[in-house]
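Protein chains in written order, with the working numbering: chain A, 1 to 95; chain B, 1 to 95.
Hints listed in this document are in silico derivations from the structure and should not be mistaken for laboratory results. Hints may contain errors.
Which copy? The list can't say, so a pair holds if one copy fits it or any two copies do.
[Said to hold, decoys possible] Calculated lysine to aspartate or glutamate pairs in the EDC-like style (CA-CA distance at most 20 Å, straight line):
no.	residue 1	residue 2
1	Lys-39	Glu-76
2	Lys-43	Glu-83
3	Lys-10	Asp-46
4	Lys-44	Glu-86
Number of protein chains: 2
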Amino acid sequence: MGSSLDTLRKQLDEVNLEILELINRRAEIVQQIGQIKSKQSMKKFDPVREREMLDLITSHNTGPFENSTIEHIFKEIFKAGLELQEDDHRKALLV
Amino acid sequence: MGSSLDTLRKQLDEVNLEILELINRRAEIVQQIGQIKSKQSMKKFDPVREREMLDLITSHNTGPFENSTIEHIFKEIFKAGLELQEDDHRKALLV
Chain A
1 MGSSLDTLRK QLDEVNLEIL ELINRRAEIV QQIGQIKSKQ SMKKFDPVRE REMLDLITSH
61 NTGPFENSTI EHIFKEIFKA GLELQEDDHR KALLV
Chain B
1 MGSSLDTLRK QLDEVNLEIL ELINRRAEIV QQIGQIKSKQ SMKKFDPVRE REMLDLITSH
61 NTGPFENSTI EHIFKEIFKA GLELQEDDHR KALLV
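In isolation and in its complexed conformation, chain A is listed as follows:
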């Protein structure tokens, strides 16, 4: 029993690192979008686009997480992405 717990924990660590990689890859894309939006003086936060992303995500959700949980987690990821864009903007102003 102990060994199957160990195996599952190793799997969990691997999936954690894959999630880490994807979250950072997502952040890089968000930074590129932020740069384009800065040049075009577009607003960083677009609630309509955010709703569209969440709808697309939950329409593909097969569980076990419920849609509400998935939305909650992704909203945290979106918020972190926005904060990153704001940091980049601030740094750009300081150059």
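For chain A, the structure is supplied; the task is to place chain B on it using the hints.
Chain B alone, transformed into the frame defined by chain A:
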């Protein structure tokens, strides 16, 4: 310019769905761990193990997200996993 924004948004949607898949795969592993822990009357929440997972994750973090942001997002994912285990436990008691 508009088309490169579209391209980046498509990439973002793809990465979102990959994150969704991994988060749910993670949840399945967490459910299996929860079942083993239930049988052995082990506590679901293990702060030492959670700290170990976070340390492993941040030690692999190459950015652009800062470690504090990564920890924040993962703590939300961990919390959702724990809630899922509690739901499973409640359902098991009702059977």
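Hint check:
When the C-alpha separation of Lys-39 and Glu-76 is checked against a cutoff of 20 Å, the pair qualifies neither within a copy, at 26 Å, nor between copies, at 33 Å. In this assembly of identical chains, the alpha carbons of Lys-43 and Glu-83 lie at most 20 Å apart only when taken from the same copy (13 Å versus 36 Å across copies). Taking the closest pair of Cα atoms, Lys-10 and Asp-46 come within 20 Å of each other only across two copies (16 Å); inside a single copy the shortest separation is 38 Å, beyond that limit. In the homo-oligomer, the alpha carbons of Lys-44 and Glu-86 lie at most 20 Å apart inside one protomer (8 Å), although the nearest pairing across protomers, at 38 Å, exceeds that limit.
Violation of the numbered hints given earlier is confined to hint 1; every other hint is satisfied by the structure.
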